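Kindly generate the complete structure, drawing on both the sequences and the hints.
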Amino acid sequence: MSPVRLGFSTAFLFLVFAIQESVISRVHLPITGFSLYLAVLICLIALEDRNGAVVMGFIGGLVLDLSPTSQSPFGQWALIFTIIGYLISSNLESVGDFTSEPISFVVFIAAGSALALTSYLFAGLLLGENIGSLSRTLIVIAGNFIWTMVFTPFFLPLIRKAREATLTSKERM
Amino acid sequence: MARGGSNRSRLLLVILLVSSLLLITLDLRGVGVTSGSRNATQVILSPIQKAASDIFAPVGRFMSDVKNFGKTKAQIAELKLANAKLKQEAAFSSDTKGQLAQLKSVLDLAGRGGFKTVSARVIGRGSSSTFSQTITLDAGTGSGIRKNMTVISENGLVGVVKDSTINSSIVLLMSDPTFRIGVRVARTQSVGVLMGEGGGSYTLELLDPAGTMQVGDSLISIGSDNNRPYIPGLPVGAITKVDHTTTSLTQRATVKSFANLNDLGVVSVVLAAPTTAPSKPINPTPRATITVLVTPTPTPSVSGSPTPTAAPSKVKK
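Protein chains in written order, with this note's numbering: chain A, 1 to 173; chain B, 174 to 490.
Since the hints were made in silico from the structure, they are not lab data.
Keep in mind the model is a prediction, meaning the values are calculated, not measured.
We put the CB at the ideal spot given by N, CA and C, even for glycine.
Misleading hints may appear alongside valid ones.
[What the hints assert, rightly or not] Derived list of chain B stretches under chain A, where covered just means 3 residues or more per stretch with a C-beta under 8 angstroms from a C-beta of chain A:
#1 313-327
#2 359-365
[To be verified] Here are a few chain B residues that sit away from chain A, every Cβ distance over 12 angstroms (derived from the structure):
#3 T207
#4 K246
#5 Q248
#6 I249
#7 L252
#8 M386
#9 T423
#10 K429
Printed below as a string of structure tokens:
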């Protein structure tokens, strides 16, 4: 991943983060809210190679750590997404690339978001945070999974195009 | 080659993991850089949130109207207002009765009104990815809002200011799992702790094992030292279910808050409780007393001896 693309990707992630914090979080959806940011980040991680996925996970996690409403320690999301980036990239190498199959990719993104939230909660438990009732937590994760499945097909082509626009000529080849 | 690439990947992974752990450690140790970065983000985001709030508020209202179908918006708002007033009155009424019964009515009257408040619009809500129940207000330290100030709505307690920048504040809602507040059952004056559950219901744990409570009992905030973070006497919620089957020593109940945290448009931050509140024992003002000093004056008698007659000579207040 070139430094220029890293810069573009960070700026893009911050833009999505601003949309998430300003617009998406204001929308009252049934069950629970939807995290556009998590879906976009999982999508970008899945489209990268191993090193790119780890770096993208770390940067994306850091941006999410900047959330003023977050009560978790700064760096918790960076830790989670670095691990998730590594896991996704290694599994994609062994399982095979299915990012060109839309339905499989959407399910993968939704599952990845659920995994990220679960890991975040687990890390929070290890750090002694209060995560509330289990039923409520499960509802939030399940709700986010459903909404990610519903909304991802609408913005997935846009994310792909935005990513392709930041690729250098060498990376395109 | 492949082995070399794999090693580089692992090295990169280790470096990034160590960096993350370092950041977590720094944050947990209270290094200001991390909290400063979140404050800076809030300063950057708050104008965007304000703009988004202005743009999307009509859309939100439209969606709300669609959701409510045939119901008239104005009628709903009117009924909500009337209901809120009635709830407040009922809470205050039963609270006052309980207090009178225990001769504690002078305490917590500060929370009955007359607070110095500043109103603010809700311009953002906590993201679902952070699991935190928060709202963002469009007023901050520039309006006098500081950390640990009580936030109220028309129906009662909403939360507490968690952080504030020059032009925005983040409020931890009472539904957050980390939220705790000392409350009193208005009818019986039993004291307990109310805890957020992350959703619409709350758990009340009575501190007194012999205390009593029943469904419908109103809960009033006890208050904190110097009224921060909580001012006393605020309506908090009502008991919806009492758990009789609990095996723990303390009694538990499920509570529903008076304030609807999903429908917050404008809230008030309590800057100061009234200084004239009867939170301290009132010393009675001494009444004016009149002292009459009588000096016997001799009056001439038949025999020529003086007869004493009363004549005020001095009045002292």
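To see whether the hints hold, each was checked on the structure:
1. 313-327: violated (count 0)
2. 359-365: violated (count 0)
3. T207: violated (4 angstroms)
4. K246: holds (16 angstroms)
5. Q248: holds (21 angstroms)
6. I249: It holds; B:I249 is separated from chain A by about 16 angstroms at its closest Cβ, greater than 12 angstroms.
7. L252: With a cut-off of 12 angstroms, B:L252 remains clear of chain A, as the shortest Cβ separation is near 20 angstroms.
8. M386: holds (21 angstroms)
9. T423: Check passes; 18 angstroms lies beyond 12 angstroms.
10. K429: Fine: 15 angstroms to the nearest Cβ keeps B:K429 off the interface.
In this structure, the earlier hints numbered 1, 2 and 3 are contradicted, and the remaining ones agree with it.
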